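> Okay, here's what each chain looks like letter by letter:
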Amino acid sequence: MMCWHRLKSNFLLWFFFLVFLFFSTPCFSQEKQAEPQAEPAEPLKVEVKLDKDKYRGGETIQITGKVPPGMKVNFIEITSTDAKVQVGRLDRKEFKFYLSREIPAFYTIIINEDYVARIDKNGTIEEKPVKEIYAKFKADKKWRIGEFLRQSNADMAFITPPQMVSEIKVWKASVLWSILGHRGKPEPSLTEKRDIRRETARLLQARMREFDKLFVLGKITTNEDGTFTATFRLPDSAPKGAFSVIAVVNKDLKSEPAKFDCEVTFPKYYFPVAGTSVNIFGPLFLALAVCTFGVLMGAGGGFILNPLLILIYKIPHPIVAGSVMPTVLFSQASGVYNYSRIGFINWKLGIGVGIFMAFGGFIGPLLNQFITLAEYKFVFGIILLILAALMFWQTTPGYIEKSKKEKAILEEFKRRVEAARAQKAQK
Amino acid sequence: MKMTIEFWGEKFEANMVIGAIGGFLIAVAASLGGFGGGPFVVPMMTVIMGLPIYVVVGSSLLAIFFNTLMASSRYYFFGQTDVALFVLMAFGAVSAGFIAPRIAKRLSPIWVKRVAVVGCTYLGLKLIGILP
Numbered sequence: 001m002m003c004w005h006r007l008k009s010n011f012l013l014w015f016f017f018l019v020f021l022f023f024s025t026p027c028f029s030q031e032k033q034a035e036p037q038a039e040p041a042e043p044l045k046v047e048v049k050l051d052k053d054k055y056r057g058g059e060t061i062q063i064t065g066k067v068p069p070g071m072k073v074n075f076i077e078i079t080s081t082d083a084k085v086q087v088g089r090l091d092r093k094e095f096k097f098y099l100s101r102e103i104p105a106f107y108t109i110i111i112n113e114d115y116v117a118r119i120d121k122n123g124t125i126e127e128k129p130v131k132e133i134y135a136k137f138k139a140d141k142k143w144r145i146g147e148f149l150r151q152s153n154a155d156m157a158f159i160t161p162p163q164m165v166s167e168i169k170v171w172k173a174s175v176l177w178s179i180l181g182h183r184g185k186p187e188p189s190l191t192e193k194r195d196i197r198r199e200t201a202r203l204l205q206a207r208m209r210e211f212d213k214l215f216v217l218g219k220i221t222t223n224e225d226g227t228f229t230a231t232f233r234l235p236d237s238a239p240k241g242a243f244s245v246i247a248v249v250n251k252d253l254k255s256e257p258a259k260f261d262c263e264v265t266f267p268k269y270y271f272p273v274a275g276t277s278v279n280i281f282g283p284l285f286l287a288l289a290v291c292t293f294g295v296l297m298g299a300g301g302g303f304i305l306n307p308l309l310i311l312i313y314k315i316p317h318p319i320v321a322g323s324v325m326p327t328v329l330f331s332q333a334s335g336v337y338n339y340s341r342i343g344f345i346n347w348k349l350g351i352g353v354g355i356f357m358a359f360g361g362f363i364g365p366l367l368n369q370f371i372t373l374a375e376y377k378f379v380f381g382i383i384l385l386i387l388a389a390l391m392f393w394q395t396t397p398g399y400i401e402k403s404k405k406e407k408a409i410l411e412e413f414k415r416r417v418e419a420a421r422a423q424k425a426q427k
Numbered sequence: 001m002k003m004t005i006e007f008w009g010e011k012f013e014a015n016m017v018i019g020a021i022g023g024f025l026i027a028v029a030a031s032l033g034g035f036g037g038g039p040f041v042v043p044m045m046t047v048i049m050g051l052p053i054y055v056v057v058g059s060s061l062l063a064i065f066f067n068t069l070m071a072s073s074r075y076y077f078f079g080q081t082d083v084a085l086f087v088l089m090a091f092g093a094v095s096a097g098f099i100a101p102r103i104a105k106r107l108s109p110i111w112v113k114r115v116a117v118v119g120c121t122y123l124g125l126k127l128i129g130i131l132p
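Note that the protein sequences, when read in sequence, are chains A and B. Read in our numbering, the first sequence has 375 at position 375, and its numbers run on one by one without any break. Read in our numbering, the second sequence has 71 at position 71, and its numbers run on one by one without any break.
It should be emphasised that the hints constitute simulated quantities derived from the structure, not laboratory data. There could be a bad hint or two in this list.
[Stated by the list, open to error] SDA-like, lysine to any residue: derived pairs with alpha carbons at most 25 angstroms apart:
1. A:Lys424 - B:Glu10
2. A:Lys213 - A:Gly181
3. A:Lys213 - A:Gly146
4. A:Lys314 - B:Ile130
5. A:Lys96 - B:Ser73
6. A:Lys219 - A:Ile351
7. B:Lys126 - A:Phe378
8. A:Lys138 - A:Asp120
9. B:Lys113 - A:Lys54
10. B:Lys2 - A:Ile351
11. A:Lys54 - A:Ile351
[To be verified] Just some of the chain A residues that point at chain B, by a computed CB distance under 10 angstroms:
12. Thr60
13. Gly70
14. Ala117
15. Val264
16. Thr265
17. Tyr269
18. Phe285
19. Val295
20. Leu296
21. Leu305
22. Phe380
Predicted model only: the values in this text are computed from it and were never measured. Glycine included, every Cβ here is placed at the ideal spot set by N, Cα and C.
The whole structure should be built from the sequences, with the hints applied where relevant.
Spelled out as structure tokens, the structure:
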């Protein structure tokens with residue numbers, strides 16, 4: 001009995017000792033539970049914001065934001081996402097004509113002037129300050145957008161336009177098709193992302209034309225705490241509608257688009273096909289002045305109006321030609337009507353030459369799409385110089401003397417017609 | 001190929017080969033540039049085809065009208081006509097039709113042409129890149 005009690009008390013002692021041990025020291029599984037769980041790493045992100053959500057052409061956009069410490073914003077992409085225009089271009093190597101109706105009316109990439117580009121040259125990485133690359137391409141009149149995007153690493157910031165374009169139409173051009181007045185033999189449209197990206201860049205170059213309009217070397221200041229600032233002046237001719245702004249650190253790290261609206265108010269007006277905003281009184285008074293001068297000279301004035309619209313308002317040459325042409329149609333129609341009333345039109349001569357001029361008018365607009373702005377300006381320049389020479393000759397004394405007689409006959413005819421009309425009216 | 005044309009009782013011979021080829025080439029260049037071609041058609045008809053100015057002045061306008069009508073339709077079909085821009089400029093062009101005859105009486109057409117020579121030369125040299 002005594003042994004049993006002793007056993008019992010020893011057992012109880014051991015039991016309570018073990019219980020005490022268990023609760024006083026953390027057990028292995030509890031230790032494991034108490035160990036703080038390693039938190040998943042926060043994804044790196046870039047924040048961007050603008051000082052306003054509405055701007056007008058000519059205003060400066062203050063772009064601020066934050067990047068992870070130790071990183072820098074190297075590019076900022078600005079795209080008009082609402083305003084889209086039709087752009088076409090002829091590829092001279094493949095002799096193919098590409099056309100899209102979804103090209104942003106405005107696009108630019110701000111490149112940090114301190115950025116050092118890394119170019120992969122057959123396995124070795126070459127580093128070059130982007131300033132040098134920029135200067136080289138700006139000085140080259142035959143610059144190519146694809147090469148610049150690659151060499152400057154700005155291709156990592158070429159984001160929005162390829163997303164906006166869903167299809168690019170293609171035609172295989174040829175001399176025969178051009179004579180027939182057609183763009184060429186239709187080919188399957190580009191729908192593959194890679195092809196659309198490549199061709200969208202080229203169409204953007206055709207649209208924006210000047211290198212320093214498409215790419216801007218600017219100051220993007222990133223502080224030690226990761227905050228950054230940049231400014232961008234919206235051009236006076238900026239299209240109306242929504243824009244997106246994306247800040248890019250590298251090809252894997254960029255911000256979500258920050259949005260703003262560009263407002264266009266009177267007296268400015270946004271011309272949707274041209275994709276540009278202009279003070280309406282500009283083209284109005286220009287057309288008035290030039291056409292008045294043209295009528296005084298005995299011409300329509302279109303040959304002066306076209307180059308002036310391109311030089312002053314930077315409207316794309318296909319749109320200028322396409323909009324000025326119908327402008328002179330009304331004055332010509334009115335002239336034909338007035339001359340026919342007084343019997344001053346020889347219909348045989350007019351229609352005979354006119355039919356062949358109609359054939360020429362069928363082909364000319366097609367060729368307008370195939371030539372670049374530089375070629376258009378050159379051809380037009382030559383035309384104007386020939387015209388200047390012709391008009392100079394028409395002011396020489398010999399020509400004036402000869403045409404005096406003919407003009408006198410013309411005036412005599414007109415007087416007889418008026419007299420005949422007056423007589424008829426009296427009767 | 002000569003074509004006989006009659007104008008107020010007088011008969012003239014017009015070389016239509018020149019008229020056809022010249023008209024076609026002028027129209028291609030003019031419509032590519034975006035204008036009618038009048039300043040080239042009149043000298044072509046008077047100097048090369050040998051017709052007097054009083055025959056040409058109305059008939060050339062009819063010929064140019066064919067070019068302008070065709071080219072305008074083509075540009076519209078290609079989606080290159082900004083209708084808003086056209087309407088704005090048309091307003092200016094129509095107004096010019098009223099204003100020009102009123103001031104024409106006070107100006108010498110020869111001097112107007114001389115000013116045009118200077119202007120076109122300057123513009124032409126600027127476009128081909130000789131002038132900045």
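> Each hint should be assessed against the structure and marked as holding or not.
Hint check:
Pair hint Lys424 (chain A) plus Glu10 (chain B) holds up; C-alpha atoms about 24 angstroms apart against a cutoff of 25 angstroms. Taking the CA atoms of Lys213 (chain A) and Gly181 (chain A), the gap is about 33 angstroms. The hint is violated against a cut of 25 angstroms. Our distance criterion of 25 angstroms between C-alpha atoms is met by Lys213 (chain A) and Gly146 (chain A), whose separation comes to about 16 angstroms. About 19 angstroms separates the Cα atoms of Lys314 (chain A) and Ile130 (chain B), which keeps this hinted pair within 25 angstroms; it holds.
For the proposed pair Lys96 (chain A) and Ser73 (chain B), the alpha carbon gap of about 24 angstroms is at most 25 angstroms, so the pair holds. Distance hint between Lys219 (chain A) and Ile351 (chain A) is unfulfilled; the C-alpha atoms sit about 63 angstroms from each other, more than 25 angstroms. At roughly 9 angstroms between alpha-carbon atoms, Lys126 (chain B) and Phe378 (chain A) fall within 25 angstroms of each other, so this suggested pair holds. With a CA separation close to 22 angstroms, the supplied pair Lys138 (chain A) and Asp120 (chain A) stays within the 25 angstroms bound.
With a C-alpha separation of about 49 angstroms, the suggested pair Lys113 (chain B) and Lys54 (chain A) falls outside the 25 angstroms cut-off, and the hint is violated. Under the criterion of a C-alpha separation no larger than 25 angstroms, the hint pairing Lys2 (chain B) with Ile351 (chain A) is consistent with the structure, at around 15 angstroms. In summary, the hint linking Lys54 (chain A) to Ile351 (chain A) is not supported, as the alpha carbons are separated by about 55 angstroms, beyond the 25 angstroms threshold. Look at Thr60 (chain A): its Cβ only gets to about 28 angstroms from chain B, farther than 10 angstroms, so that hint breaks.
A least Cβ separation of about 47 angstroms between Gly70 (chain A) and chain B goes past the 10 angstroms threshold, and the interface hint is therefore violated. Taking 10 angstroms as the C-beta contact cut-off toward chain B, the hint placing Ala117 (chain A) at the interface is violated, the least distance being around 31 angstroms. For the restraint placing Val264 (chain A) at the interface with chain B, the shortest Cβ-Cβ distance is roughly 12 angstroms, beyond the 10 angstroms limit, so the hint is violated. The beta carbon of Thr265 (chain A) comes no nearer than 16 angstroms to any beta carbon in chain B, farther than 10 angstroms, and the hint placing it at the interface is violated.
With its C-beta approaching chain B no nearer than about 7 angstroms, Tyr269 (chain A) sits inside the 10 angstroms limit, and its interface hint holds. Given the 10 angstroms rule on beta carbons, the hint for Phe285 (chain A) holds: about 7 angstroms separates it from the nearest Cβ of chain B. Annotation: Val295 (chain A) was flagged as interfacial toward chain B, and the flag holds, the nearest CB pair being 4 angstroms apart, inside 10 angstroms. Hint on Leu296 (chain A) holds. Least Cβ distance to chain B is approximately 5 angstroms, under the 10 angstroms limit.
Taking 10 angstroms as the C-beta cut-off, the interface hint given for Leu305 (chain A) holds, the closest approach to chain B being about 7 angstroms. At a threshold of 10 angstroms, the smallest CB-CB gap from Phe380 (chain A) to chain B is about 5 angstroms, leaving the interface hint in force.
In terms of the numbered hints stated before, the structure departs from hints 2, 6, 9, 11, 12, 13, 14, 15 and 16, listed from lowest to highest.
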